[in-house]
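*Asks:* Residues per chain are reported as follows:
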Amino acid sequence: MTPSPHLILGASRSGKSTHAESLVTSLSPPYVYIATARILDPEMRDRVRLHRERRSSHWETLEAPVALLPALRTLQGAGKPVLLDCLTLWLTNLLLEPSTTPPEQTVDELCSFLAVADYPLFVVSNEVGAGIVPENALARRFRDLAGLANQRVAASCAAVTLVVAGIPLRLK
Amino acid sequence: MTPSPHLILGASRSGKSTHAESLVTSLSPPYVYIATARILDPEMRDRVRLHRERRSSHWETLEAPVALLPALRTLQGAGKPVLLDCLTLWLTNLLLEPSTTPPEQTVDELCSFLAVADYPLFVVSNEVGAGIVPENALARRFRDLAGLANQRVAASCAAVTLVVAGIPLRLK
Amino acid sequence: MTPSPHLILGASRSGKSTHAESLVTSLSPPYVYIATARILDPEMRDRVRLHRERRSSHWETLEAPVALLPALRTLQGAGKPVLLDCLTLWLTNLLLEPSTTPPEQTVDELCSFLAVADYPLFVVSNEVGAGIVPENALARRFRDLAGLANQRVAASCAAVTLVVAGIPLRLK
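Each protein sequence line maps, in turn, to chains C, Y and U. Position 150, counted from 1, in the first sequence is what the numbering used here calls 198; the numbers after and before it change by one each time, with no gaps. Position 92, counted from 1, in the second sequence is what the numbering used here calls 140; the numbers after and before it change by one each time, with no gaps. Position 129, counted from 1, in the third sequence is what the numbering used here calls 177; the numbers after and before it change by one each time, with no gaps.
These aren't lab readings, by the way, just hints derived from the structure by calculation. Don't be surprised by glycine CBs; every beta carbon is placed ideally from N, CA and C. The reader is advised that the hints may include incorrect statements.
Cβ-Cβ distance ranges computed for the label pairs, FRET-style [as the list claims (entries may be wrong)]:
1. C/LEU88 / Y/ASN184: 24 to 34 angstroms
2. C/THR73 / U/ARG86: 34 to 44 angstroms
3. Y/ARG93 / C/LEU186: 12 to 22 angstroms
4. Y/ARG188 / C/LEU144: 29 to 39 angstroms
5. C/ASP89 / U/ALA115: 11 to 21 angstroms
A short list of chain U residues far from chain C (calculated; beta carbon distances all over 12 angstroms) [as the list claims (entries may be wrong)]:
6. SER60
7. SER65
8. TYR81
9. SER173
Based on the provided sequences and hints, a complete structural model is requested.
*Replies:* Take a look at the structure:
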């Protein structure tokens, strides 16, 4: 039995989504894919299309660019393995969306949910903090939020894996 | 007995300072915090305040934005556990400070001190080289210096830990 | 017997080239160094000079900024240990070179060669995807290509090592 929730971390193009999908599909179908990408430009559309083509008909897709918690909650009791891809795009959407709730609080609500999720849940997230400090203030704000979210989600998960060049390294 | 000196590396917001503090406070107080941050803007002031609030009254703080070696030397013989946070901010200050000594030489002097330090010493540093090559020449110079310093300090330490999303991975 | 081919990954200034050289020189000379750097500015010239000075007279150097595959093929049958430094500079050159073959296809040809190489081959590559998404489209294109190439080459290698602050962490 694979531990859950499971955070799969990695740099851009590290193979983290492919690895997370292989963890999900080692379980029995049907599977749920929660997409947090908001398609704003052709580059993003191509990226999403490639991800979709890789997945088979065993997958159902939920779009949750901002309302992630409600989407996760509707899946309680169904027992389907769920892939959330990815945390960092969701955080970007939270930062850009006008809201009275600070994103950090929404991250804490996600962590509270992770503690009670009753289905196998795999969360993909990006490592974004290992470059030079960005000159742009919004990029710094995002980098801080993403790093904090990765720490909190990692603490709330039963398993954490870092993917480097397609190779998984189990951290927890 | 925890090995010392110990280098704690991680990306921005990886949880490296929190982890390093937990290593220090597993030893007996009082503790010494060597702060290398130079407070130049409100963003930095908030960051320093948050770090300070997390620490208890068992901590004494030394400010050493540039004169790090003298600060480290004054602590010889006292046996107090010391947290140096962080190496990368000190390197930034060295680069910006007019001096006749090249920063690389000052890093070598730090490494010579690490070999003789007689107290438990924990050094926090940032990983800054895993993004795209920066367009700005000073950022490239800093990135080269920080990478080199991390290598040399790691070689001079008895223990090295990489922190990813708050999870320590012992490298040495 | 050291496994081969071996991919040595790391951030900028992580000590990956030095570690790869130590793997090569644990074998018997003579050695071959395949340089993919194209010397376009004084900064690069200094970097190449430093790398060269570190190597002894046991090394022969082949320049292969673009035509890497032909260079690798001429070495078949000679049994000399080969250091390819580095994959990422070669990818940069491929991206900037007008060609009818997409770089991804050339990467696949490299991977096919890795499967049949009959000499000890050590490939150095940069991790470039762990920072913030670059604002520049060419930088994003490069980052995607480099991440993909690292994944594919890692899959084609018998061994993969991540170098952090000069310390090797064997991933495969």
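*Asks:* Is 12 to 22 angstroms respected by the C-beta to C-beta distance linking Y/ARG93 and C/LEU186?
*Replies:* 20 angstroms, holds
*Asks:* Between C/ASP89 and U/ALA115, does the beta-carbon spacing fit 11 to 21 angstroms?
*Replies:* 35 angstroms, violated
*Asks:* Okay, Y/ARG188 versus C/LEU144 on CB: inside 29 to 39 angstroms?
*Replies:* With Cβ atoms ~30 angstroms apart, the hint holds.
*Asks:* Quick one: work out the minimum CB distance from U/SER60 to chain C and report holds if it exceeds 12 angstroms, violated otherwise.
*Replies:* The claim is violated: U/SER60 sits with its nearest Cβ about 9 angstroms from chain C, within 12 angstroms.
*Asks:* Was U/SER65 rightly flagged as not at the interface, with every chain C Cβ beyond 12 angstroms?
*Replies:* Non-interface label on U/SER65 holds, nearest chain C Cβ at 17 angstroms vs cutoff 12 angstroms.
*Asks:* Could you let me know if the closest chain C CB is still more than 12 angstroms away from the CB of U/TYR81?
*Replies:* At roughly 23 angstroms from the nearest Cβ of chain C, U/TYR81 sits farther out than 12 angstroms, so the non-interface label holds.
*Asks:* When you take the CB atoms of C/LEU88 and Y/ASN184, is the distance between them in 24 to 34 angstroms?
*Replies:* Roughly 27 angstroms apart at Cβ, these two residues keep to the hinted range, so it holds.
*Asks:* Beyond 12 angstroms from chain C, beta-carbon-wise, is U/SER173?
*Replies:* Non-interface label fails for U/SER173: nearest chain C Cβ at 8 angstroms, not farther than 12 angstroms.
*Asks:* Is 34 to 44 angstroms a correct range for the gap between the Cβ atoms of C/THR73 and U/ARG86?
*Replies:* Check passed, 42 angstroms falls within 34 to 44 angstroms.
When the structure is compared with the earlier hints, violations turn up for hints 5, 6 and 9 and for no others.
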